[in-house]
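So the protein lines, in turn, are chains Y and P.
Mapping the first sequence onto the working numbering, position 174 (from 1) lands on 174, and the numbers just tick up by one.
Mapping the second sequence onto the working numbering, position 86 (from 1) lands on 86, and the numbers just tick up by one.
Mixed in with the good hints, there may be bad ones.
[Claimed, not checked] Some chain P residues near chain Y, calculated using beta-carbon distances under 7 Å:
1) V4
2) Q83
3) A91
4) R92
5) G100
6) G103
7) F123
8) L306
9) I311
10) P319
[Unchecked claim] To spell it out: a stretch of chain P is covered by chain Y in this simulated footprint if at least three of its residues, at any positions, have a beta carbon under 8 Å from a beta carbon of chain Y; those stretches are:
11) 43-51
12) 70-81
13) 116-122
To be clear, the hints were calculated from the coordinates, so they are not data collected in a lab.
Note that the Cβ used here is the ideal one computed from N, Cα and C, for glycine as well.
Protein chains: 2
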Amino acid sequence: MQTVKFQNPPSIVSTYTIVGPKEGEGPLKDYFDLILEDDMWGQESFEKAESKIQEEAIKSALSNGNLANNDIDYLISGDLLNQIITSSYTARQLSIPFYGLYGACSTMTEALSLGAMLVDGGFAKKVICATSSHFSSAERQFRFPLEYGSQRNFSSQWTVTGAGATVLSADGNGPYVTYATTGKIVDMGIKDATNMGAAMAPAAMDTLISHFNDTGYSPADYDLIISGDLGIIGKSIVIDLMQKEGFDLSEKFTDCGVEIFDHKNQDTHAGGSGCACAATVFNGYIYKEVLKGSFSRVLLIATGALHSTTINQQGESIPGIAHAVTIDINKG
Amino acid sequence: MQTVKFQNPPSIVSTYTIVGPKEGEGPLKDYFDLILEDDMWGQESFEKAESKIQEEAIKSALSNGNLANNDIDYLISGDLLNQIITSSYTARQLSIPFYGLYGACSTMTEALSLGAMLVDGGFAKKVICATSSHFSSAERQFRFPLEYGSQRNFSSQWTVTGAGATVLSADGNGPYVTYATTGKIVDMGIKDATNMGAAMAPAAMDTLISHFNDTGYSPADYDLIISGDLGIIGKSIVIDLMQKEGFDLSEKFTDCGVEIFDHKNQDTHAGGSGCACAATVFNGYIYKEVLKGSFSRVLLIATGALHSTTINQQGESIPGIAHAVTIDINKG
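My request is simple: use the sequences and hints to build the entire structure.
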């Protein structure tokens, strides 16, 4: 069993999202709480800008929920940068007991899974889960300095600039986190850092199958099944792989990285990616549509490509991981 | 309250430690399960060697406990390398649901805290917590390529090569994890990457004071209070800081980084450091002495310097964090 069913499902009581200008011109622009005009936001470096974005998303999620820092028992966060500096330097400003995670772009659901366990287990009344990414800090760390003006491969994805934060509470009227399916590392041998969707797709399939087997749910029990940042290529691979395993996802399944940009007009090639992709689409679009009643039950499955330039240059392939959480208007 | 008291304290049912040749010549050599003759261990790179060390430590902790991979509900691990590649590539070999952490050298107690919550909360019967570090992979990532032959500052510490793994179980006869005090990020402005002990000391103090205030324990209630890798300088700072706060640690307190090497004869300057410092001293020396009856109650407080070359070069200081767990022969 890779899946936990929560006995007293934690309630999502507040969220907040901040995105950069490009994301703010995309199809989901009306769902984000704050759209920046400048992705540097007055800071001196991409990394410091990303930290400010994550910090403001957390502070705003707290104030949106009429909460102070000391109402929160744990901050659970991570990001793409080496030594998760965005999250560490954000945590430095907040004085909340802090668990730092590294799950690449799976961080949002890694944090929600652990956060829900800490609340349901009685170790916390409230936790805040957060993550962020920034196109420019990610490009120069993982690929090329932007100043090179390198051409982008058509299978490459566009790292979302933004942050999302979620407050989970032992009290509240939902929506609730009812299940968490924790992923295993799956690596089918992809070595191409410009084709992350293909590297993550087998991990997404593995977690989806475990989720359906463990819970007894089928795709028909969900109004929406949405992966984090498989992009256009990874999404189609998962639909194919799942079809072969007897699960028809075609009606219910999409991907945050597919939805966040208008790929034809925004030049984002295979789709959005980055920790903030699942974080902003979940805390913006999905959460608000669940509150409106458009979706009663959603499976969010954030996907991570644990890509490292160091070990990739030593000939290693890129391992993938995917963690899934069920968001339900009922306690399940 | 930063401290959790476990209702059904998880039992430590198996541990395993592997260290490199230098650690195997130090004062704690008789406590390690495996001492390598060559810290490359037949691998082509420092990073791949570190992964093999962590993987073998986990597999051996499982076999020591007569456990198979599928007896373990969660693997909770992290390390110092970018994208926690040691832990990710190790997890790839094990097929256990995986939570990746980044807490720098605080990882051992970050993992034990979360692991104990997952077991006590009823989400897992058994979890394995692990971490590792490698002198050569850490030096080239955080400081200088070894080939430069840079002189080492006297305040610098020596990253321990090794790994430690701990199996926590809902069943077992102890020792038990009875309390977990989760740290906040504390940063007093140290910018010197060759003086990590000073950067971490205020975080250790902050967590120690919270622990004593939350639990009602005083230093006298412990047989041993041991930090992760403050080293000689950080240890003396903590003793001074705590003295000013009214806590006399002088009789009970030491540091894994102080104990693991013979600093005069092993040229390790201010002491050992790295995730494996707390991990090998805890899973080797402390665990075995607790089993022998030398210590009935130990406070392990692993300390992390969230040092990043990227943001340090942008003028930022080094944030510290420290997480504490109580190990007790009784259920508390």
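Verification of the hints:
1. V4: This interface hint holds because 5 Å falls under the 7 Å limit.
2. Q83: holds (4 Å)
3. A91: Holds. Min distance 4 Å.
4. R92: With a minimum Cβ separation of about 4 Å from chain Y (threshold 7 Å), the hint on P/R92 holds.
5. G100: At about 5 Å, which falls below the 7 Å cut-off, the nearest Cβ of chain Y leaves the hint on P/G100 intact, so it holds.
6. G103: holds (5 Å)
7. F123: holds (5 Å)
8. L306: Constraint on P/L306 satisfied, holds at 4 Å.
9. I311: holds (5 Å)
10. P319: holds (5 Å)
11. 43-51: Holds: 4 residues of the segment 43-51 of chain P have a Cβ under 8 Å from chain Y.
12. 70-81: holds (count 4)
13. 116-122: holds (count 5)
Of the numbered hints given earlier, the model fails none.
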